[in-house]
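Number of protein chains: 2
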Amino acid sequence: MTRDALIPALRALVGDANVLTDGDLGAYTRDWRKRWTGVPLAVVRPGSTAEVAAVVKAAAAAGVSLVPQGGHTGLVGGGTPDASGTQLVLNLGRMNRVRGIDPANLTMTVDAGCILQAVQAAAADAGLLFPLSLAAEGSCTIGGNLATNAGGTQVLRYGNARELCLGLEVVTAAGEVWDGLSGLRKDNTGYDLRDLFIGSEGTLGVITGATLKLYPQPVARMTALAACASIDDTVRLLQAAQARCGATLTGFEVMGDFALSLVRKHFPQLPQPLPPSPWTVLLELSDAESEAHGRAQFEALLEQALEDGLIADAAVAESVAQSKAMWHLRESIPLAQSEEGLNIKHDIALPVSAIPDFVAHTDAALQAAFPGVRLVNFGHLGDGNLHYNVQCPEGGAAAAFLREHEDAVNALVYDAVCARGGSISAEHGIGELKREELAARKSPVALGLMRAIKAALDPQGRMNPGRVVAAG
Amino acid sequence: MTRDALIPALRALVGDANVLTDGDLGAYTRDWRKRWTGVPLAVVRPGSTAEVAAVVKAAAAAGVSLVPQGGHTGLVGGGTPDASGTQLVLNLGRMNRVRGIDPANLTMTVDAGCILQAVQAAAADAGLLFPLSLAAEGSCTIGGNLATNAGGTQVLRYGNARELCLGLEVVTAAGEVWDGLSGLRKDNTGYDLRDLFIGSEGTLGVITGATLKLYPQPVARMTALAACASIDDTVRLLQAAQARCGATLTGFEVMGDFALSLVRKHFPQLPQPLPPSPWTVLLELSDAESEAHGRAQFEALLEQALEDGLIADAAVAESVAQSKAMWHLRESIPLAQSEEGLNIKHDIALPVSAIPDFVAHTDAALQAAFPGVRLVNFGHLGDGNLHYNVQCPEGGAAAAFLREHEDAVNALVYDAVCARGGSISAEHGIGELKREELAARKSPVALGLMRAIKAALDPQGRMNPGRVVAAG
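First to last, the protein sequences are chains A and B. Under the numbering used here, think of the first position of the first sequence as 1, with each following residue one higher. Under the numbering used here, think of the first position of the second sequence as 1, with each following residue one higher.
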């Protein structure tokens, strides 16, 4: 098929209304942080797995590349077409059906284009919990969550998107449908194809459906804030909370003082229950028994931590509204830092035990190299995942600082991360943004294995080309 | 290198004492159920990752295939050489060092040849829990557990071996070392190589080391037995226990009456606290708070279940000794059925919700096809995993029954499993035993993907050839 013949062929496959070539395609061609803008050959919106397969086959026959796309909320440019005008955006948004819920098996099967919040709501309607939770949940899709192995705020207890998925349906690069949907907790029949597609960012195939794990709804969810004098104390508090509360500890977020000061500055209407301290921890317990039991557990933990000197102060939310307000503080940090101006973001992970040394070393090294630099440090400490963001000195010009220093800042931070066995992408993925960094920092053996897999499953290199890794 | 030159080369690499060609090699060449016996070119016992890499390179240069081997306790013939006399057994048993424990990160890094029980003990010495637990734990190795994605009795709460591993060290088919050891809970830097090697049964590379997840030790572990009138009631009890106890429910095993009757017959000295009933459930709670709290939870659960008619009777262990005795009952079932004679074993998984229908249908179909046949049905119901074993009619000749009917029994059982979205290998793997069954029952698309991956990572087909899948 010639490239010219492809568009009419696609219209015949999915309907005229679902092949977009004109008008404002910004929602599909520009990421929401406006860092990448592309020009597609067309945006195709198939309505079923069979249509996805037919589109992939037609594109292959025409020698055209595909960029699979969910809610287009990614942070690394993995879902935006390039500028060549030759790539098809394959948007899964029309595939948004909950295919079924099996309460006795604690599973649900969904189309890839379901919005995460709709998945959570469908589980809640069945009296169950789908725990994946992250800032973009109102617009990201479960297919995108799986393609990028999304993390979020409940990973400490329930794991990443990977751990919440039992089975996948995938359209391969050859346009075949792999029906790997499965409600099984145990299945040792061959290679783990599921986990190979999860986190591959659309470079090996297109996720079209998934079977997800559900959990019983906890009877009570409770939140507290605690003030710590040092990052070392936050790690010790984490250990104490894990030992005492086991799996009822479902959230453990840290917020550095500068991060919370930006929230105070830009959102002064948000109450901050605790006075400023070097670190504030948000803890969440989810209790299967009763609210009274959860509260008693929480108070015992925090009293012991006060006695042991791990925390200086604490506040337990007395109502759902107070609990939401505490989470709202945490969730306002990214918005507050946007208000403050551009910064250099790092989505890093470290062994929890390495975090105090990393923070002490890197804070000091950045101050020495860029005097006055400000650190917006917050994140999912329970998972070893920090959003360690670097803002220009007070009163400085943010854009100029980034232009001049972004590469050097990244090198300093990533060197410190890698020296401590850490990751340069904890939960956001590689996409366009970190492809070169990955190629430079991943071991040659790992890169070789990845390239061999890419070449084996996408020999023509047409699935989201140039993202994550190039074929070997 | 010629094949003749290989043995002296291996002796130079790992030392004369670690290249075995003579004497009784039965431990390496005959599986413990004595279903497969092979003849190796040699048994090589490298002492380090570097030695493993050197052995793999030498074997590749000589065109010789390798059979990686851990504790050699597998049930599907995946670790036994073939009869050709041309394969090297690569036994990892000398690599048994705990490389390090990081309590603050809740991780430990070990050589692949560590015995599972030694891994558990090292974690316990650090005041922590490594939860993987299975019958062969005194002799299986963690490398074998990972290569086969072992399951066991704690999967309900902690997952399979896969879920307990954060990072791997692997020697590739090319003899390169991939250092993927990692203490990270989040790491989205490229394809999930770890999970590809886990469960690949040595056909893609040799696992030489692993970083494992640890958990805080629960304060109290408690066990109870409950009598159910039907398999339906066991499933309803599971749901009630999950809803009430959340993650403190760490074990949920079922035992059919015939299975327990074999224990009564062959091990009459073992106390059975409950009178015979169609199904007996073993429940385990692990409490982070206190024994009193766990006991109160347990009693409340069982009282409610009695009231709701889900169970007819229950017994809560009053001491660690009683708890162990209950587990001992469960663990004695495989031994009791061995005493009773050969049977046809099925390690199957189903969606939990499909189990009642599966059991009703398949019990009846087997009775219709093979009147008087006896079903030894037990397993990890919480994971949907049954060991659904078929024994010849009372007084019949077991060997003759197997000879005559094994294929037909397997076809009947596996048809019923597959019709309900189940797996023909829940936790034991494929190996030699189920390779043909897998080729016949796995979807052609999945098999095609598996073959492409095999060809990409082991292009010469020298890693445990013929197991799981042949190269495409």
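Hints in this document: simulated from the structure, not taken from any laboratory. For every residue, glycine included, the Cβ atom is placed at its ideal position computed from N, Cα and C. Treat the hints with care, as some may be off.
[As the list claims (entries may be wrong)] If the Cβ cut is set under 8 Å, some of the chain A residues that face chain B in the computed set are:
| no. | residue |
| --- | --- |
| 1 | Gly183 |
| 2 | Leu184 |
| 3 | Leu375 |
Consistency of the hints with the structure:
For Gly183 (chain A), the suggested interface contact is upheld, since its CB lies about 4 Å from the closest CB of chain B, less than 8 Å. Given the 8 Å rule on beta carbons, the hint for Leu184 (chain A) holds: about 5 Å separates it from the nearest Cβ of chain B. Of the supplied interface hints, the one on Leu375 (chain A) is violated, with its beta-carbon coming no nearer than about 20 Å to a beta-carbon of chain B, more than 8 Å.
Of the hints listed earlier, the one the structure fails to meet is number 3.
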